[in-house]
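Engineer: Here's the letter readout for the chains.
2 protein chains.
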Amino acid sequence: MAVQTVATGSSTVDLGPAAALSCRECGHRVPLGPVFACEECFGPLEIAYDFSGYDTEELRARIESGPANIWRYAPLLPVPANVADKPNINPGWTKLVKADNLARELGVTGGLYVKDDSGNPTHSFKDRVVAQALEAARAFGFTTLSCSSTGNLAGAVGAAAARAGLRSCVFIPHDLEQGKVVMAAVYGGELVGIEGNYDDVNRFCSELIGDPAGEGWGFVNVNLRPYYAEGSKTLAYEVCEQLGWRLPDQIVVPIASGSQLTKIDKGLQELIRLGLVEDRPYKIFGAQAEGCSPVSTAFKAGHDVVRPQKPDTIAKSLAIGNPADGPYVLDIARRTGGAVEDVTDEQVVAAIKLLARTEGIFAETAGGVTVGVTKKLIDSGVLDPAKTTVVLNTGDGLKTLDAVAGTGLTATIRPTLDSFREAGLA
Amino acid sequence: MAVQTVATGSSTVDLGPAAALSCRECGHRVPLGPVFACEECFGPLEIAYDFSGYDTEELRARIESGPANIWRYAPLLPVPANVADKPNINPGWTKLVKADNLARELGVTGGLYVKDDSGNPTHSFKDRVVAQALEAARAFGFTTLSCSSTGNLAGAVGAAAARAGLRSCVFIPHDLEQGKVVMAAVYGGELVGIEGNYDDVNRFCSELIGDPAGEGWGFVNVNLRPYYAEGSKTLAYEVCEQLGWRLPDQIVVPIASGSQLTKIDKGLQELIRLGLVEDRPYKIFGAQAEGCSPVSTAFKAGHDVVRPQKPDTIAKSLAIGNPADGPYVLDIARRTGGAVEDVTDEQVVAAIKLLARTEGIFAETAGGVTVGVTKKLIDSGVLDPAKTTVVLNTGDGLKTLDAVAGTGLTATIRPTLDSFREAGLA
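Each protein sequence line maps, in turn, to chains A and B.
Residue 239 in full-length UniProt numbering sits at position 239 of the first sequence, with consecutive numbering throughout.
Residue 95 in full-length UniProt numbering sits at position 95 of the second sequence, with consecutive numbering throughout.
Derived from the structure by calculation, the hints contain no laboratory data.
Keep in mind that the hints are not guaranteed to be accurate.
Straight-line alpha carbon distances no greater than 25 Å define the calculated BS3-like cross-link-like pairs of lysine-lysine that follow [what the hints assert, rightly or not]:
no., chain 1, residue 1, chain 2, residue 2
1, A, 387, A, 310
2, B, 376, B, 98
3, B, 98, B, 387
4, B, 86, A, 387
5, B, 266, B, 310
6, A, 86, B, 98
7, A, 98, A, 376
8, A, 86, B, 387
9, B, 86, A, 98
10, A, 387, A, 300
11, B, 180, B, 300
12, B, 387, B, 266
Reference listing, derived: stretches of chain B covered by chain A, where coverage requires no fewer than 3 residues with Cβ under 8 Å from a Cβ of chain A [stated by the list, open to error]:
no., segment
13, 84-91
14, 117-125
15, 402-408
Where a beta carbon is used, it is the ideal one built from N, C-alpha and C, also for glycine.
Isolated chain A (complex conformation):
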């Protein structure tokens, strides 16, 4: 297995097959380091790999005999070869649930699967991306793991840093709901409330990175973003391996910044290039909530640019009004023959209940968005019900209980058989 060691400044970093950072726009390459924007054109930097020397069947065997978490794919990630031996929270290898009951309700005949990332350690897909950022932080000698967050990410960073023995410092709007504060604070890191909204928090974090006070700090979704984002590739790897090393025909992915969808596409392309799956067409569909649907709006209008929106939806984990990777999402949806669609908050709630009622999976609002969009796209004939379809659930319903707060008792009775019968329950 080729392991690339790259010099950055005075130190050398070992991030496995990660060879350099490469600009997605202009292709300009720089050595691996804690940078995220191209110095030439300000485009986003992403990881360029050296996969040369990989034998397909050797690689497949190595993956299959690897641990039951994302580190089975270490040869394809920006992490050192011994990553599985280090203390981290080992996310991934979540269930791919064959959703036959849901398929019947939606009229899908070609096989419907839910990739259920609520099974991750802090119950969202964020554990996957934070795990990559943690390795980069270690490689660059950072001692504090940080982020701006309004929810899932705060918990993922707090948990990962705790286990790794790093300091964590998470910034959130000071008036966040108490439940979310508790989830973020319980891991014992610094949790700092910023007097302002989420935009103010982000702006402050960018200032901190440029200041001496931020030295030694790895912001998982800012200066470690190129590494962080690669974690989403593992969703693509797992789906294909769990399907028996086969590409799904159709995959429905939620869109917040759009990064997850673009990295899933990158992951699928890598599997094809490495010969791990047969090269045949697949379609990627993006899912948004109507109250924050800048990419869906652009897709339907045939635009290449995404006009920012002010979010107003219960799907808060997807509520990014100005999604950085929006244009790439449009490109991928169009290139693969997919689409981007949105659903109302009412449809989100109905979809959460539909998934729970049919498959026993309690999804976060983001999962309601993907299931709702899947239903809408089938009803409108855009998704082919005769094809193998994978729907992502990226989070846990326990984190967004408010969305289904209307759900309650079907009856209240006295503790007697007569009362039971009167209620028509017999």
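On the provided structure of chain A, position chain B as indicated by the hints.
Structural biologist: For chain B alone, kept in the frame of chain A given last:
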């Protein structure tokens, strides 16, 4: 693999190696059926197996090549051989986390592990037991899955029934917190509030089982209890397999009814008898909250009987004041050289935070009880820090957020670097 088919009344049931029900007190055997108390002496019935014809290495290989859930142990459970092909929520094979940070804080040198059952589909160990009850319900032709519950069990039953396509009807006290009602209701089954407390709910359920209105109903923790309880054996199997087919020296288990602890002991004994682990001494320790510590009280007093208590603790999932299996727990703790200990609610909260801060695991109050008791037993010299020790976390902190509601922001600042420095965070 020997599969036993047993005639019960007019039907035959295939529950794999389960051969009969046997009274734990008097040994009286009856055919497999939806009964839970001995007709001779009213003792509890449990499953008697036919494991004859199992070759140790063949069995081990079969388990190791099985699915990454409890069904890898199907040859040792009261389920049909094809159980993994049926729609169920496939719990188990949760992480055994090597807790080196926690070990350092507690002074454990012999290896400390947390068996983290928050990774189950509905985030508690209840998924393991409900999965067994579901197979029994199918075998006996029941069409409704039911239980009395105040929390974790309601969600586990609702989810399992939804996925299996069975009706569910769960009974809860009518004044339960709204969050718990939502978690139980979202799966779409009947959720019935009983005007009364948990005792009233239980009494009503027992009445319903004896009434024609309850025909076709499987109450997972009443008439299906012998099957249900066996699910806890899988915790023992997994711990040993994950340790490399080795018994832990010491294991710390929470006590509610005591059933889990007794079945873990049963599971360990089976592994020894089947030759899957080396036969050497192990100690089982029971953990209770001080506010509901009938077993711990009896253990310390040297009693063989357990005097009921009125529960008053934040560890509500353990708050059974009159634990049915209490005497068996006392027996096992004494026989193995273990102990039963309890901790205060303050110690429970401190232990939840300790586990989160050191290992990034956010435990339910029951996990705070086991970690707290582990610390107390090490401090008092009862647990040997030089031995391999496994601590169970049976649930998820997201379900008992109130317990750590005092956790919050470490600082609040304005979105400026000056404010950041003033707060001493740099």
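Engineer: Compare the structure with each hint and give your call.
Structural biologist: Hints, one by one, checked against the model:
With a C-alpha separation of about 35 Å, the suggested pair residue 387 of chain A and residue 310 of chain A falls outside the 25 Å cut-off, and the hint is violated. A distance of roughly 20 Å separates the Cα atoms of residue 376 of chain B and residue 98 of chain B; the hinted pair therefore holds under the 25 Å criterion. A C-alpha spacing of about 14 Å is found between residue 98 of chain B and residue 387 of chain B, which places the hinted pair at or below 25 Å, so the restraint holds. The hinted pair formed by residue 86 of chain B and residue 387 of chain A meets the criterion: a straight-line CA distance of about 23 Å does not exceed 25 Å.
Pair hint residue 266 of chain B plus residue 310 of chain B does not hold up; C-alpha atoms about 29 Å apart against a cutoff of 25 Å. Distance hint between residue 86 of chain A and residue 98 of chain B is fulfilled; the C-alpha atoms sit about 11 Å from each other, no more than 25 Å. Taking the CA atoms of residue 98 of chain A and residue 376 of chain A, the gap is near 20 Å; set against the 25 Å cutoff, the hint holds. A C-alpha spacing of about 23 Å is found between residue 86 of chain A and residue 387 of chain B, which places the hinted pair at or below 25 Å, so the restraint holds.
Distance hint between residue 86 of chain B and residue 98 of chain A is fulfilled; the C-alpha atoms sit about 11 Å from each other, no more than 25 Å. Of the supplied pair hints, the one linking residue 387 of chain A and residue 300 of chain A holds, its CA atoms being roughly 23 Å apart against a limit of 25 Å. Restraint check for residue 180 of chain B and residue 300 of chain B: not satisfied, since their Cα atoms lie roughly 35 Å apart, outside the 25 Å limit. Pair hint residue 387 of chain B plus residue 266 of chain B holds up; C-alpha atoms about 21 Å apart against a cutoff of 25 Å.
Counting residues of the segment 84-91 of chain B whose beta carbon lies closer than 8 Å to any beta carbon of chain A gives 3, which reaches the threshold of three, so the coverage claim holds. Chain A is given as covering the segment 117-125 of chain B, and this holds because 4 residues of the stretch bring a CB closer than 8 Å to a CB of that chain, at least three being needed. For the segment 402-408 of chain B, the stated coverage by chain A is satisfied: 4 residues place a CB nearer than 8 Å to a CB of that chain, which reaches the threshold of 3.
The structure shown violates the earlier hints numbered 1, 5, 11.
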